[in-house]
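Novice: Protein sequence lines, in the order shown, are assigned to chains A and B. Residue 0 is where the first sequence starts when you use numbering that gives the first Met the number 0, and the numbers rise one by one after that. Residue 0 is where the second sequence starts when you use numbering that gives the first Met the number 0, and the numbers rise one by one after that.
Any given hint could be a false lead.
Intra- or inter-copy, both count: the list cannot distinguish identical chains.
To be verified - Within a straight-line C-alpha distance of at most 30 angstroms, the following computed BS3-like cross-link-like pairs (lysine-lysine) qualify:
| hint | residue 1 | residue 2 |
| --- | --- | --- |
| 1 | K102 | K127 |
| 2 | K139 | K209 |
| 3 | K159 | K174 |
| 4 | K139 | K2 |
| 5 | K102 | K9 |
| 6 | K127 | K148 |
| 7 | K66 | K148 |
Rather than coming from a laboratory, the hints here were simulated on the basis of the structure.
There are 2 protein chains.
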Amino acid sequence: MYKIPKATVKRLPFYRRCFESLHEQGIQRILSSQLGDMLKIDPATIRRDFSYIGELGRQGFGYEVNKVLLALNDFLDLNNVEQCVLIGVGNLGRAFLQYNVMKSQQQHNLNPIKILYAFDVAEEIVGKSYSGIQVLHIDKLEEIIRENKVKIAVLSVPPKSANEIAERLEGSGIKGIFNFSSISLNVSRNVYVYDVDLLNELQSFLFFVKNKYE
Amino acid sequence: MYKIPKATVKRLPFYRRCFESLHEQGIQRILSSQLGDMLKIDPATIRRDFSYIGELGRQGFGYEVNKVLLALNDFLDLNNVEQCVLIGVGNLGRAFLQYNVMKSQQQHNLNPIKILYAFDVAEEIVGKSYSGIQVLHIDKLEEIIRENKVKIAVLSVPPKSANEIAERLEGSGIKGIFNFSSISLNVSRNVYVYDVDLLNELQSFLFFVKNKYE
Numbered sequence: 000m001y002k003i004p005k006a007t008v009k010r011l012p013f014y015r016r017c018f019e020s021l022h023e024q025g026i027q028r029i030l031s032s033q034l035g036d037m038l039k040i041d042p043a044t045i046r047r048d049f050s051y052i053g054e055l056g057r058q059g060f061g062y063e064v065n066k067v068l069l070a071l072n073d074f075l076d077l078n079n080v081e082q083c084v085l086i087g088v089g090n091l092g093r094a095f096l097q098y099n100v101m102k103s104q105q106q107h108n109l110n111p112i113k114i115l116y117a118f119d120v121a122e123e124i125v126g127k128s129y130s131g132i133q134v135l136h137i138d139k140l141e142e143i144i145r146e147n148k149v150k151i152a153v154l155s156v157p158p159k160s161a162n163e164i165a166e167r168l169e170g171s172g173i174k175g176i177f178n179f180s181s182i183s184l185n186v187s188r189n190v191y192v193y194d195v196d197l198l199n200e201l202q203s204f205l206f207f208v209k210n211k212y213e
Numbered sequence: 000m001y002k003i004p005k006a007t008v009k010r011l012p013f014y015r016r017c018f019e020s021l022h023e024q025g026i027q028r029i030l031s032s033q034l035g036d037m038l039k040i041d042p043a044t045i046r047r048d049f050s051y052i053g054e055l056g057r058q059g060f061g062y063e064v065n066k067v068l069l070a071l072n073d074f075l076d077l078n079n080v081e082q083c084v085l086i087g088v089g090n091l092g093r094a095f096l097q098y099n100v101m102k103s104q105q106q107h108n109l110n111p112i113k114i115l116y117a118f119d120v121a122e123e124i125v126g127k128s129y130s131g132i133q134v135l136h137i138d139k140l141e142e143i144i145r146e147n148k149v150k151i152a153v154l155s156v157p158p159k160s161a162n163e164i165a166e167r168l169e170g171s172g173i174k175g176i177f178n179f180s181s182i183s184l185n186v187s188r189n190v191y192v193y194d195v196d197l198l199n200e201l202q203s204f205l206f207f208v209k210n211k212y213e
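Make a model of the complete structure from these sequences and hints.
Specialist: Right under this line is the structure:
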């Protein structure tokens, strides 16, 4: 089975953003060496990454900005917005709702998800809306997921509830979990879990600074 | 110059969290193959990553949980908390303040930064506190950084202001920027910039789900 490396996939949205910015500046063509300077990534890595997307550039001529931008949007399938649910409307859940809804309203920030509902158990939260997204009781989770054929979930519950909820998500047909819960989830290989942990990122960042990385 | 790969550094906080959890469960020893199953990372990658930290395990015997945990805390220098400023107290800035202050209050979540002050320009925000952190006017930025010898900044301003602020941060002696501003910063190689962009992460995540990665 053909697989583009995970590290490459993680760089593609960053390239896309960069090409969007070049496009807005009216720049039509760019060399991988110029891109390398801009993005602080080795030009050989950039050329290898782009080779997975298709025949995007020619040696000495560089990349046509508009062509690459369209190819990246297409490759990342950004014109298809996925319906999504969010579970856990605590501090982090609310912050994510606010951020995500804001991004949906901005131009050029192709937000790949649309949050249909949020879920929680706390009486004082259920029934309210945050950033325009209604909070339902967690009892309705399976019903809503099945009715709307939702495949994507954002999990921002406390660690102690995370695995119980993850199991219910898998049981109702969820295929991908964007996991803010700071623990490794025990789901089957049918569910792709993407761990997001700002504290981990801060720890790596500090290491790079203290050890003078460039 | 000796350099541990960036990809390894990015995995170390994740390993650390995992070993903390093993330690709490009273597990004293673990094989790299068991770790690989738990973390869904190739055991060979885990062994190579750990080889950068020191002589942590023996073939067939595995890793002593407590020894690895202490080595990781030490290697990541997590007992030294760095003073930090945050610039831009919009939605994302407030969400980060709330999240970060919350993490500082939790056990075992070794937060490597302490936010001294936040900065903004908006009249209705300056003078207020969010999550216990006071917001000062951006005019005071250089003075506060120099007085407190701050080396680390979290940048959560809109894209259009990001480079102007980044230049001021570099000019006042900042060495690392945790960049939420969604654009590439034009700073010199003396400043380490760590880009954090949840929308990029969502785009990569959706690609993995749609293309059935494991």
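Novice: State for each hint whether it applies.
Specialist: A quick look at each hint next to the structure:
Taking the shortest alpha-carbon separations for K102 and K127, both the intra-copy value of 21 angstroms and the inter-copy value of 26 angstroms come in at or below 30 angstroms. For the identical chains of this complex, K139 and K209 are inter-copy neighbours only, at 25 angstroms across copies versus 48 angstroms inside a copy, given an alpha-carbon limit of 30 angstroms. With identical chains, the CA atoms of K159 and K174 are at most 30 angstroms apart within one copy only, with a shortest distance of 22 angstroms there and 37 angstroms across copies. In this homomeric assembly, K139 and K2 never come within 30 angstroms of each other (Cα to Cα): the closest approach is 37 angstroms inside a single copy and 50 angstroms across copies.
With identical chains, the CA atoms of K102 and K9 are at most 30 angstroms apart both within one copy (19 angstroms) and between copies (26 angstroms). For a Cα distance limit of 30 angstroms, the shortest separation of K127 from K148 inside one copy, 24 angstroms, qualifies, whereas the shortest one across copies, 44 angstroms, does not. Taking the closest pair of Cα atoms, K66 and K148 never come within 30 angstroms of each other, the shortest separation being 34 angstroms inside a single copy and 46 angstroms across copies.
Taken one by one, the earlier hints fail for this structure at numbers 4 and 7, listed in ascending order.
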